[in-house]
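Can you build the whole structure from these sequences, using the hints too?
Chains X and E supply the protein sequences, listed in that same order. Numbered according to our numbering, the first sequence spans residues 2 to 294. Numbered according to our numbering, the second sequence spans residues 7 to 294.
Keep in mind that the hints were calculated from the coordinates and are not lab data. As the structure is a prediction and not an experimental result, all values here were calculated from the model. Watch out, some of these pointers could steer you wrong.
[Unchecked claim] Between beta-carbon pairs, the in silico distance windows are:
no.	chain 1	residue 1	chain 2	residue 2	range
1	X	R273	E	G219	33 to 39 Å
2	X	G224	E	P252	27 to 33 Å
3	E	Q42	X	P53	17 to 23 Å
4	X	P39	E	T265	38 to 44 Å
The C-beta atom is built at its ideal place from N, Cα and C for all residues, glycine as well.
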Amino acid sequence: MKFLVAGGSGFVGRHVVRRLLSEGHAVLNADRVPPQAPEPGEVVAVADLTSPEGIAAAAARGADAVVWLAASIRQAPTIDATAQDDLRLMVEAPLRLLSVLASPPASVVYLSSVQVYGRPDRLPVDEEHATRPFTVYGVAKLCAEQMLGVACAGRGIACASLRAAFVYGPGQHPANAIPRFLERVRSGVAPVVHGDGADVRDDVFVGDVAQAVSHAASRRAHGVLNIGSGAPHTLLDVARATCDLVPSGLRPAHEDRPSGWIDRWYTIDRARSELGYVPTAFADGLRRQWAEG
Amino acid sequence: MKVAVTGASGHLGGFCVPALQAAGHETLVVPREVRQAGVPSLRTALAGVEAVVHLAGHIPEDTARLDPDDAEATLRGNAAGTAALLEALATARHLRAVVYASSFEVYGLPLALPIREDHPTRPLSFYGAAKLAGEHFVRLFGAARGLPCCNLRLPAVYGPGARLRSAISNFIRDAAAGRPPEIHGSGEDRRDLVYAKDAADAVVRALATGARGEINLGSGTGYRVAELAEAVCRVARLAAPPARLPSRKPARDYVLDITRAKQELGWEPRTRLDAGIAAQLAWVRAGG
Numbered sequence: 002m003k004f005l006v007a008g009g010s011g012f013v014g015r016h017v018v019r020r021l022l023s024e025g026h027a028v029l030n031a032d033r034v035p036p037q038a039p040e041p042g043e044v045v046a047v048a049d050l051t052s053p054e055g056i057a058a059a060a061a062r063g064a065d066a067v068v069w070l071a072a073s074i075r076q077a078p079t080i081d082a083t084a085q086d087d088l089r090l091m092v093e094a095p096l097r098l099l100s101v102l103a104s105p106p107a108s109v110v111y112l113s114s115v116q117v118y119g120r121p122d123r124l125p126v127d128e129e130h131a132t133r134p135f136t137v138y139g140v141a142k143l144c145a146e147q148m149l150g151v152a153c154a155g156r157g158i159a160c161a162s163l164r165a166a167f168v169y170g171p172g173q174h175p176a177n178a179i180p181r182f183l184e185r186v187r188s189g190v191a192p193v194v195h196g197d198g199a200d201v202r203d204d205v206f207v208g209d210v211a212q213a214v215s216h217a218a219s220r221r222a223h224g225v226l227n228i229g230s231g232a233p234h235t236l237l238d239v240a241r242a243t244c245d246l247v248p249s250g251l252r253p254a255h256e257d258r259p260s261g262w263i264d265r266w267y268t269i270d271r272a273r274s275e276l277g278y279v280p281t282a283f284a285d286g287l288r289r290q291w292a293e294g
Numbered sequence: 007m008k009v010a011v012t013g014a015s016g017h018l019g020g021f022c023v024p025a026l027q028a029a030g031h032e033t034l035v036v037p038r039e040v041r042q043a044g045v046p047s048l049r050t051a052l053a054g055v056e057a058v059v060h061l062a063g064h065i066p067e068d069t070a071r072l073d074p075d076d077a078e079a080t081l082r083g084n085a086a087g088t089a090a091l092l093e094a095l096a097t098a099r100h101l102r103a104v105v106y107a108s109s110f111e112v113y114g115l116p117l118a119l120p121i122r123e124d125h126p127t128r129p130l131s132f133y134g135a136a137k138l139a140g141e142h143f144v145r146l147f148g149a150a151r152g153l154p155c156c157n158l159r160l161p162a163v164y165g166p167g168a169r170l171r172s173a174i175s176n177f178i179r180d181a182a183a184g185r186p187p188e189i190h191g192s193g194e195d196r197r198d199l200v201y202a203k204d205a206a207d208a209v210v211r212a213l214a215t216g217a218r219g220e221i222n223l224g225s226g227t228g229y230r231v232a233e234l235a236e237a238v239c240r241v242a243r244l245a246a247p248p249a250r251l252p253s254r255k256p257a258r259d260y261v262l263d264i265t266r267a268k269q270e271l272g273w274e275p276r277t278r279l280d281a282g283i284a285a286q287l288a289w290v291r292a293g294g
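Now the structure itself:
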């Protein structure tokens, strides 16, 4: 299949592009910036996807499947100038892409986020859970899911929105908890958890997100699907697992300060049955990140 | 209070401005040109306001249409337009409340009737999705500022000035032209509606009570489509009964639960159906 990956130069994007190429697909990566290390066979279109010219450049070669990963990074609860930018990049741009593609793609896969749920009413959170996002980013992702769903339904296009949990793995931004823990362990220093470390987290391996994207496109999946680890753990579990990567006998350190964390855990039954999704065990994903950075 | 009103020239706006003034508020109309000129011009226009009633939005002629161009215009006119307004209000120091006119279309397919505010929001139209994003922005704004912000979810609004398509307005246009109203399908499906003046009353009450969160407006009971057509025939004194035509789309009941509006706003629809139809019919007949 011919894939158009919007936002293929980012953290998740690199894994998606590599996976699709390894499966023998043709891949056009349309992104604001070129990838640091393009893959053999990857076609890159450097394009501002929020402009009509950028979308035209992305759409020029056509696509059997569209994968939309492009998103803002900033996740604020306040409405400022970035709210309109978020809507342009995360909602308006994919809608415009659909309308300018010369022939409709067979499937659209939109990378959404568990942020669309907001504060969980219950755990685990399934796809029927209420959606009350508390960031502008979450509002934009939810709006995109719904508008793309409507647009695709009207044109016979399969449209899957993948609500990814917290994505970790090689290439992750260093400011996040897991890279910080790895960095400390690499320097021989104990990772620090706030409070008792009992925060419940759902960390999904980036390769699993790429797997879900590929399957969603090839199976022409439809609707919203959680993409999580299937095995939530605590922050203390994460810290211990990073310590276990080295034989130094490091133990997590505790810092007595409230974490303010909201426990998260997302069901993946729907992804398992509709995508044949099989998540990677955390210890295995962590070792990959340890080895590859 | 000094209350800014967007969409003041629209159907609902035409009822809200006098209702707010009658309640003792000073109203400030925010014209479309000011909103379209961007956030700085909006910020200047909104200096010193104590409340905002946000009625402006882009309603596609037919919300069931799936044209991608409609999608962009609807997104900009509702979600982005609301984000711009709230961004401009970030510096409004005297602001005490925001009321946003949303739509029952945020719900999508009803899973239970009447539809309560905690019903899932899975809109099936661009309009519903864009309005819902606007609601979420209003909710986030209220939470961040600690201000009472309220999303009123309106069914079809009728009354003089109604230009949008809805069962009741279509029937009234038919009747005004001397044609019997056309019912598609059995006419047994239930619809909800609110008279524009009653909706304006709810806006005034939402400001007065400092209402927060989502609140449905509606008739409380809903009306069968055939019942609406018959009421229009009766009020218009048409000799012929409503015309029966084949169904165009699957029949679907939409009735909103207005318990919250009663409890939180002390609101209920005051205008009787026949009186509302008579007023709209007179307006259409007068060339509206």
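Hints, verified against the model:
no., hint, result
1, X:R273 to E:G219: 33 to 39 Å, "36 Å, holds"
2, X:G224 to E:P252: 27 to 33 Å, "31 Å, holds"
3, E:Q42 to X:P53: 17 to 23 Å, "19 Å, holds"
4, X:P39 to E:T265: 38 to 44 Å, "59 Å, violated"
Violated hint: 4 only; the structure is consistent with all others.
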